[in-house]
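4 protein chains.
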Amino acid sequence: MSSAWGNNIKISVFGESHGNGIGIVIDGLPSGEKIDMDKLLIQMARRAPGKDKTATPRKESDTPEILSGMLNGFTTGVALTAVIRNTNTRSQDYGNLLTKPRPSHADYTGFVRYKGFNDQRGGGHFSGRLTAPIVFAGALCRQILERKGIKISAHINSIGNIKDDGFNPLEIDSELMDRLSLSAFSLINQSVEVSMRNIIEECRLNQDSIGGTIECAVTGMPVGVGSPMFDGVENVISSIIFGVPAVKGIEFGAGFDISKMKGSEANDPYTYKDNRVVTTKNNNGGILGGITSGMPIIFRVAIKPTASISQEQDTVDLSTKSDTKLSIVGRHDPCIVPRAVPVIESAVAIAIMELMMGANLI
Amino acid sequence: MSSAWGNNIKISVFGESHGNGIGIVIDGLPSGEKIDMDKLLIQMARRAPGKDKTATPRKESDTPEILSGMLNGFTTGVALTAVIRNTNTRSQDYGNLLTKPRPSHADYTGFVRYKGFNDQRGGGHFSGRLTAPIVFAGALCRQILERKGIKISAHINSIGNIKDDGFNPLEIDSELMDRLSLSAFSLINQSVEVSMRNIIEECRLNQDSIGGTIECAVTGMPVGVGSPMFDGVENVISSIIFGVPAVKGIEFGAGFDISKMKGSEANDPYTYKDNRVVTTKNNNGGILGGITSGMPIIFRVAIKPTASISQEQDTVDLSTKSDTKLSIVGRHDPCIVPRAVPVIESAVAIAIMELMMGANLI
Amino acid sequence: MSSAWGNNIKISVFGESHGNGIGIVIDGLPSGEKIDMDKLLIQMARRAPGKDKTATPRKESDTPEILSGMLNGFTTGVALTAVIRNTNTRSQDYGNLLTKPRPSHADYTGFVRYKGFNDQRGGGHFSGRLTAPIVFAGALCRQILERKGIKISAHINSIGNIKDDGFNPLEIDSELMDRLSLSAFSLINQSVEVSMRNIIEECRLNQDSIGGTIECAVTGMPVGVGSPMFDGVENVISSIIFGVPAVKGIEFGAGFDISKMKGSEANDPYTYKDNRVVTTKNNNGGILGGITSGMPIIFRVAIKPTASISQEQDTVDLSTKSDTKLSIVGRHDPCIVPRAVPVIESAVAIAIMELMMGANLI
Amino acid sequence: MSSAWGNNIKISVFGESHGNGIGIVIDGLPSGEKIDMDKLLIQMARRAPGKDKTATPRKESDTPEILSGMLNGFTTGVALTAVIRNTNTRSQDYGNLLTKPRPSHADYTGFVRYKGFNDQRGGGHFSGRLTAPIVFAGALCRQILERKGIKISAHINSIGNIKDDGFNPLEIDSELMDRLSLSAFSLINQSVEVSMRNIIEECRLNQDSIGGTIECAVTGMPVGVGSPMFDGVENVISSIIFGVPAVKGIEFGAGFDISKMKGSEANDPYTYKDNRVVTTKNNNGGILGGITSGMPIIFRVAIKPTASISQEQDTVDLSTKSDTKLSIVGRHDPCIVPRAVPVIESAVAIAIMELMMGANLI
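Chains as they are written, first to last, in my numbering: chain Z, 1 to 362; chain C, 1 to 362; chain V, 1 to 362; chain F, 1 to 362.
I should point out that these hints are in silico values taken from the structure, not numbers from a laboratory. Since we're looking at a predicted model, the values are computed, not measured. Mixed in with the good hints there might be a few duds.
One copy or two, either will do: identical chains are not told apart, so a pair holds if it fits within one copy or between any two.
[Unchecked claim] Quick list of in silico lysine-lysine cross-link-like pairs, PhoX-like style, CA-CA up to 20 Å: (1) K281 / K260; (2) K151 / K39; (3) K39 / K148; (4) K115 / K34; (5) K148 / K34; (6) K273 / K321; (7) K148 / K115; (8) K281 / K325; (9) K273 / K325; (10) K151 / K34; (11) K115 / K321.
Let the sequences and hints guide you as you build the complete structure.
Spelled out as structure tokens, the structure:
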């Protein structure tokens, strides 16, 4: 039904790739929160296209205009609205989409869902461009969360079969998190960057694309946030993360690997450390019964390879009801994983904001 | 905040393991739906404990009493309520839980969340017993969905490292689905049952437990159900699935494996078959842009090993603020995966009901 | 769609007048709140039928059984469920309702809404009996609110043309509120009780019924609770109050009379009193821009006369599609206003709970 | 918490009177609905200020820019966003508001609610200007509803003590509704216009203001829309209507007058007319048990006099914590009732859209 999300904080994302503009309304923010717009724009720049050969050469300023909810640099407490104008659109690139759906895109499902009336230019509302408003909102929420001691950081966990190192699930270095959160190609072990860039470049040259995974950590969470059953931390995070295009899976803590473990191996024993209850493993990713344990929240998401590839593909012609071939032109990222990193961080920031507000902690 | 879920259909799960009773209110059901209570009880029996050595010996009749919303075997259209009385409770088994939190349980997080006032006997509201009302609601929804041609079926995808065969993602045999949906140990390839039972029994004898994965399929979905961004099929399903205790991950279609693929490999090409648009692969698990493609919805969940093991474990004593040991007594499943199969099917049935109602199709 | 209400606190009311039972699930309550059950039952007794000739002679114990959410007299913090068994039902009294809808009842609209499948015995889910769970929840919330210094009290403002005195909108005597909140026939000016009882008795003897109004006050509200536009105090209160059967209007402060005033007369000037900002009038009923001003919240509701009267009335026969006459038998209140007083108080208590939780004050 | 509303259709209103812009996101609209923008702008013009001496001389073009959700004149089915730029703002008029709250405005309550960070210029988010987005959304919904045979129309029911005629509750002339819906001073009995204008002009000259009531009718509703308890038609309508500034009361059908009636007088008898079940009175305003009866929905709202009057008033100085006087300068309507008519129609249109979608009828 909807591109709105949240109960305590309500976001409403709008826009289509080649329409007049995209943006977001964020309702429920606390008043009096100072927002550093330069810092926020750094996050938007991390997501923005056109930086290098791993991404689409489409360039956009993506500078959000604040229409409401901010005064003199502080949140006013009512709905905060940001609009990003669409410029540099080349709609003619998409002239054939109405009849020939691109494989693994939402062209066909969107066409049926909206009875052919949806704006299909550039993917319309399904475009990855719609993650820009999410980054806006998330980067804003992160500034509020940081004042509560909460940090959020993600890295490229893998591109194809090339893996980065993982987060230390028991304790994550604060400087590492800061470094990752400013990087356009976020890696814990930066020595894998060359191989990752090579595989992406190889895919680009082959008119192909490649998928990957992202690992994200949230540190500084108080114990006791979240609720059993359907308002648990995992539920809330996953319900927003699957709003990021191309995400096909999410796992918390040891995730799918925990399914192969025995209880004696998987269980996270408790101990006192500096008078605080901590666990000596963190296979549960900081969440037990839907509620934070105080350990780092850690999760990974699976990102599928960019569906838009230039290679000729099999598809159908909906107008003639027959099979046909499709060669996608236009500008596309051979790998969206690097640009998805700040998007995942941002989506989670909104989720954590929702959870902290639900716990009356913001 | 809450154990309520849904917008078009609203469920509210209540109860604690050793309280007076547990149950569910289902609001928003269509009126005039005939409910076959015997068929529904079969699903509840699949989940119920005490059947064999893979499960806890706690026996309960688990017969739900319908308090409202049904008349002469048909839904009346107003809130349908089922209550299951708690009997056969042995609360003394849990006498030490208030001070020594069980590793990987919600004892500690629940204690902090509820300031020590939550009912901790038998896990209270966090108990796996609370999945009984979910199975009640899901089994009821499935009967309505089946009249629309929608089938839901799951199987034990793996126990530890032992794997069942997977569903054919392009077309799933209807009789197979029927067989799985009646089984207490659901397997596609029944030849792995012995090895799976052996590893479970081995864990039981070692006072240990084991995890696993479950694969679930939904067939017969119309094209065009679900919405972009936050009301997508993946969002809706994951937001309820993480309400099932012990789930630590979910992946749709090729899931985490898609992250290793190239676009040319991952993309699902279209073709016409019997005048219908279908895909020749189904790496997207029947969902594109959050919207059903008409292909089977396929997903897998990771289930952690039962946290309650009898082996001595490290924990803390919250009263003395010191480290201590814990030996859990009481009755526990060495592996909850077999019993979780109908729970996953049921949770998804509720999610599909929500989605179909959102599309005005129910 | 639904008999569920609330975002911060979620109630789900269930049941039908002549089914197995009615009740309520209250999700989102804070943990550790001591509930005095005797005090709670006093409120339920005020609403219960069979006390005197102003009400239906149907007698019911209406003793709620707590299924979940309470332990040793304290809320556990998870869904609190109360069930009230239906006893003393005489369903044969309603044998003709399926074909001859009772004027001004929901028989016809419910029949169409639920395609004839709703339980029409005794009004089913539309029965005034469904206000018992609301009183349960409201009486419980009031105990929590009272600890925050918030009092809620209502009185019979009028029966037909006979009027009670109104609340002093600037300051309401705490002892008066206590007296009203324990009364079964709540009046500020008790000298009008005889005339009110006389007109009710006259209606009873004439097989007729009579309407009235109820005035309700909430004192002790902090300044700044509620939000502009759709989450304002008036929106939240009215959205639950219209859930009480027979309510046809609501007005806040001077209400409809303010429409006849000039601004100079209507405006509430500010002054300092005991170092607090107060207003010297309260035509806005304690609410400005949807937000509490700290002055008493005051509102009145219009209650229609009991629709069930024994006089012969014109109706239709839905089976023969022709006009016909109807004489309602069964037991009915000639005036529901006295019994509606605790229902209004309770519904508002739930609304105030929602608002206080939204302001992080509970 | 929020300026968002709705479940099936979700609106999110944003903006502050003297900020960059105001607007609305409407999520959940059906796709493929043709929108006549000229017709929509006529409704916005009815609400716009500066037309004559009954209203504030502030002139604004109020032309909404559509950012998303429309293509070639049709709804695309995803979030539709309209932005109205703020121009012609004279913020210096409001220089003293931070310290001296205007009586009966939200200055004080908003100041406390938002800890002084809200944008108080021109009333900020509390400004009547925020009704422009509501009219936009409502006028859009009305076009969709009209295709389903549903008409919505309101008139000035009274200004001070001067009353217009009321709607015939049994059948409302379609041409009358059309005329009212195009009028800037909507009256059934146009002979009262002069007296009404006179009293408004008199108030203006006396630096005073005057209140009034608005009556609204919805015709063409199918039988069976709405639900018992909290999703009833009255609940849904009132929850949005109290979002219109200055509304202090709402009554349905005979409203507060029904409280003075006997059941024999108040009840609405059924009869067959042209093979349809109708009632021969309509004291219930087309709603029984929260559900439409097929008779016209009729309700009235009380509008308080404009709080901003130029007469000197008593208030406090929050900075010095002492009593003081205030003379409001700036441009204000001596009576907002005429301009509120299209706002009420629009708010109800959104409510009816929500209800029709909930009934799967749109």
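How the hints compare with the structure:
1. Taking the closest pair of Cα atoms, K281 and K260 come within 20 Å of each other only inside a single copy of the chain (16 Å); across copies the shortest separation is 28 Å, beyond that limit.
2. Taking the shortest Cα distances, K151 and K39 sit within 20 Å of each other inside one copy (15 Å), while across copies they are farther apart (47 Å).
3. For the homomeric pair K39 and K148, the shortest alpha-carbon distance inside one copy (17 Å) is at most 20 Å, but the shortest distance between copies (41 Å) is not.
4. In the homo-oligomer, the alpha carbons of K115 and K34 lie at most 20 Å apart only across protomers (13 Å), although the nearest pairing inside one protomer, at 44 Å, exceeds that limit.
5. Taking CA atoms no more than 20 Å apart as the test, K148 paired with K34 passes inside one copy only; the shortest distance there is 13 Å, against 31 Å between copies.
6. Taking the shortest Cα distances, K273 and K321 sit within 20 Å of each other only across copies (10 Å), while inside one copy they are farther apart (67 Å).
7. Taking the shortest Cα distances, K148 and K115 sit within 20 Å of each other only across copies (19 Å), while inside one copy they are farther apart (46 Å).
8. In the homo-oligomer, the alpha carbons of K281 and K325 lie at most 20 Å apart only across protomers (16 Å), although the nearest pairing inside one protomer, at 51 Å, exceeds that limit.
9. In this assembly of identical chains, K273 and K325 lie within 20 Å of each other by CA distance solely across copies; the values are 16 Å between and 62 Å within a copy.
10. Proximity of K151 to K34 under the C-alpha cut-off of 20 Å is restricted to the intra-copy arrangement: shortest distance 17 Å within a copy versus 37 Å between copies.
11. Proximity of K115 and K321 under a CA criterion of 20 Å is satisfied intra-copy only: 16 Å inside one chain copy versus 40 Å between copies.
Violation of the numbered hints given earlier is absent; every hint is satisfied by the structure.
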